[in-house]
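Novice: Residue strings, one per chain:
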Amino acid sequence: DAGVTQSPTHLIKTRGQHVTLRCSPISGHKSVSWYQQVLGQGPQFIFQYYEKEERGRGNFPDRFSARQFPNYSSELNVNALLLGDSALYLCASSLTSGGIYEQYFGPGTRLTVT
Amino acid sequence: TQLLEQSPQFLSIQEGENLTVYCNSSSVFSSLQWYRQEPGEGPVLLVTVVTGGEVKKLKRLTFQFGDARKDSSLHITAAQPGDTGLYLCAGTPGGFKTIFGAGTRLFVKA
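Chains as they are written, first to last, in our numbering: chain D, 1100 to 1213; chain W, 284 to 393.
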């Protein structure tokens, strides 16, 4: 079975632009979470979606938004990009949502904002 | 603010040595996960610990969950260069928000 896939692998954007990142979960997984990982730090939780509904949101500004589609794939959108948005964006899928659950990560999208 | 503190932040050892990495919090977790991450890749799940006092072994890796479910440790026996990477602990203290520690960067020299 294929693991979690993310696209694109790398992306370079200019300040003020908008970006869309995509994620396909493991087959059968209904939950998708998004994380931002800045160099030298652990991943920071951005969103969790389960069955197309937002279940949790981290401490990120409204410039960050996401959605989940009927096939459980997901998009993360970031508007008005800032230099500080440069990071590795990780998507993780899981069978369940919340409580005791195990997440499986994709390879990430490396976003560079210049 | 709920935090997971990992120590040490960085560890450089010789092949064959033993090491222990710690993950501590003031919060109680229903479970904790350990991941290993290599440069440019996503974290890979190693283990989930659920019960206070639980010990799980994965080949040369031993994971322990504290009795109070506030802390965990990862012990590696006879480390090998292939163990090099960033070791992350993570937990969901409640709701749907998962918290990660900052990680322990391990370098094993041949």
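Each hint should be verified, as a subset may be incorrect.
Far from chain W, some chain D residues (derived; all Cβ distances over 10 Å) [stated by the list, open to error]:
1) Ala1101
2) Val1103
3) Gln1147
4) Pro1160
5) Ala1179
If you only want the chain D side, here are some residues facing chain W, beta carbon under 8 Å, derived [unchecked claim]:
6) Arg1154
7) Gly1155
8) Gly1157
9) Phe1159
10) Phe1163
11) Gly1183
12) Glu1201
13) Gln1202
14) Gly1207
No wet-lab data here; the hints were simulated from the structure. The beta-carbon is built from N, C-alpha and C at its ideal position, and this holds for glycine as well.
Novice: Please list, smallest to largest, the hint numbers that this structure does not respect.
Specialist: Of the numbered hints given earlier, those the structure breaks are 2, 3, 9, 10, 11, listed in rising order.
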